[in-house]
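As given, the protein sequences belong to chains H and W, one line each in that order. Its first residue numbered 1199, the first sequence is counted upward by one per residue in the numbering used here. Its first residue numbered 2, the second sequence is counted upward by one per residue in the numbering used here.
One thing to keep in mind: the hints can contain errors.
A few chain W residues that don't get close to chain H, going by computed Cβ distances all over 10 angstroms [as the list claims (entries may be wrong)]:
| no. | residue |
| --- | --- |
| 1 | R12 |
| 2 | D31 |
| 3 | V39 |
| 4 | V51 |
| 5 | L65 |
| 6 | D85 |
| 7 | I191 |
| 8 | G195 |
| 9 | L196 |
These stretches of chain H come out as covered by chain W in the derived footprint (C-beta under 8 angstroms, 3 or more residues) [said to hold, decoys possible]:
| no. | segment |
| --- | --- |
| 10 | 1246-1254 |
| 11 | 1317-1324 |
| 12 | 1339-1351 |
| 13 | 1388-1394 |
Simulated from the structure, these hints should not be mistaken for laboratory data. On a predicted model such as this, the values are computed, not experimentally measured, just so you know. Here a beta-carbon is modelled for each residue, glycine too, at the ideal position from N, C-alpha and C.
Listed here are the chains, written in short residue letters.
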Amino acid sequence: MERANATTRPDTPSPPRPTDAGQGEVRAAVASEAKARLVTEGISVHYGATLGVRDVSLTFRDKTVTALIGPSGCGKTTFLRSLNRMHDLSRGVKVTGRAVLDGTDIYASGVDPVTIRRRIGMVFQKPTPFPTMSIYDNVVAGLKLVGIRDRRLLDEVAERSLRQAALWDEVKDRLKAPAAGISGGQQQRLSIARALAVEADVLLMDEPTSSLDPQSTMRIEELIHQLKDDVTIIIVTHNMQQAARVSDYTAFFYEGNLIEVSDTNTMFTNPREQRTNDYITGRFG
Amino acid sequence: MAVTTSSTTPRRTRLAEVTPANLRRRYLRDRVMIGLLVLATLVVLIPLLVIVWYVVSNGIQAVLEPTFWTSDLGSPARALGGRDTGLGHTVLGTLVVDGLALLIAVPIGIGAGIMLSEYPDHPLNPALRILNDTLNGMPAILKGLLAFALIVKPMGTFSGLSGGVALAFVMLPIVARATEGVLRIIPWSIREAGLALGLPRWRVVLNTVLPAARVGVVTGVLIAFARAAGEAAPLLFTAFGNNFFSSAPLRYLTGPVDTLPARLYSLAISPYREWHAMGWGAGVVLLGFVIVTFVVSRLATRQRHQADM
Ligand SMILES: Nc1ncnc2c1ncn2[C@@H]1O[C@H](COP(=O)(O)OP(=O)(O)OP(=O)(O)O)[C@@H](O)[C@H]1O
Ligand SMILES: [Mg+2]
């Protein structure tokens, strides 16, 4: 289905780059003190002949949270995974464009995806504990498996990460228990703790709270607020209230295209695009 | 609450209405299915038990004789003359040859399985797959010939080493196939979770994927071991056979050694009743060998699992 794509773009002549165009106030408000941490330039992802996302250019700044929203199947996960080269391993997936982390294109030849992923952490849509490891070993896996053996340090990191992920109180007495033996929501928070333990500079979160109860969800949202001082956060969410609560910027995706991005306030009060408005007011998706 | 259902779309499809009669029928069908499964299990188990009973009842006497374990075989005259004779050297030789085969085949086989499953795009992968399939389809006696050509010829002597290598050839493709198979069913998400932590690929495989596949890999190794432990053909012109204890421990590797399957065969076709009895004894030991290995490794994997808890 070929659609006249250009009409959905706010800017026309130069390479489309929504963050740079028509967002004067936004940049003045936040960007002046925050440097660009991660910048994508025309990222497209294809699954064989199927389009994942097309030509997405976004800027993620230091000390900000960006929410990615849009109906199911619009390419949020696909885009997120392109930011830490997670598509590398899947056969038949083609990623084009650039994703520049602190001045280095992560897709440039010679760049080691492993180093990139140490700096750009990820929490997946579904909980993914390592089934044979204990809760403790799961949390510190990212440190232990690269050779960090200092027991005191590991203990410290484990407790801090579990506290941050609002899981400590529930598991502190059974850290050596197998991770497979805790509930789905607890496993999800464990996955979050594990991602926190490696202290990445950028944190990609794919619907991190979709399997959590309201209490844990609130604690994770608080965590996102706290983390913001050190970490650039990109979060996918289907919950508009959550996007409004936690994010500074919101990007709306639709059918593989980035339709609109602006600061979250503007997005939810006065979106430029009709489709964005329809989506956030619940008229579709 | 009155709900009006439109005539075109019924609110519920009543494909399988639950009535008492209907339920009884379902339970009955369930019982019949379970009955069939039990029957199938018996069909498999009974011949196995018959074989075990037959071997044990014929061989237990020989095995209970202490000299069976402490003496070597010597010439037929020994047994015929009622002097001490046994298969101590055969048991030792089998331990050496089978142990060596495990030592070679387990790491290489698991490695090959990892390669096949985890690195499908590696340029060596297709060659490895062809090699593995070829080895898998090759008759065991040819594997003996292969080891003969590779080791016996250059060394100029039959040896436990060449026997171990020949049996490793038997085990390798089975271990590799089994490992590949189990690794493939480990959810992809585990690998991604590991990679997302910034762990290198091999770390992820070794520390997260392989442990998750542990039980399946062990099963594969056991099947391969049971298969190899019973093979006589590959040992005929590698380990060759020997009627005596070797003079020095190292000779079990560098010189011709006795092995249970090959010895069992030669005893069985010998014309002496005393040797036939000992042959049954060899059968009992061989069975015990495989069973003990199964039980021990099952317990080992179970214990490690419980240690996690
Ligand atoms: N592995 C894959 N192979 C082929 N097509 C895929 C694959 N993963 C995703 N897609 C397709 O790419 C498009 C975008 O999918 P994606 O998972 O990014 O959506 P999403 O926005 O994350 O949706 P959701 O909100 O349901 O998680 C969809 O049309 C989907 O069918
Ligand atoms: Mg998704």
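Hints, one by one, checked against the model:
no.: 1; hint: R12; in the structure: holds, 26 angstroms
no.: 2; hint: D31; in the structure: holds, 30 angstroms
no.: 3; hint: V39; in the structure: holds, 31 angstroms
no.: 4; hint: V51; in the structure: holds, 39 angstroms
no.: 5; hint: L65; in the structure: holds, 43 angstroms
no.: 6; hint: D85; in the structure: holds, 51 angstroms
no.: 7; hint: I191; in the structure: violated, 6 angstroms
no.: 8; hint: G195; in the structure: violated, 7 angstroms
no.: 9; hint: L196; in the structure: violated, 6 angstroms
no.: 10; hint: 1246-1254; in the structure: violated (count 0)
no.: 11; hint: 1317-1324; in the structure: holds (count 5)
no.: 12; hint: 1339-1351; in the structure: holds (count 4)
no.: 13; hint: 1388-1394; in the structure: holds (count 3)
The structure fails to meet hints 7, 8, 9 and 10 from the earlier list, while all remaining hints are met.
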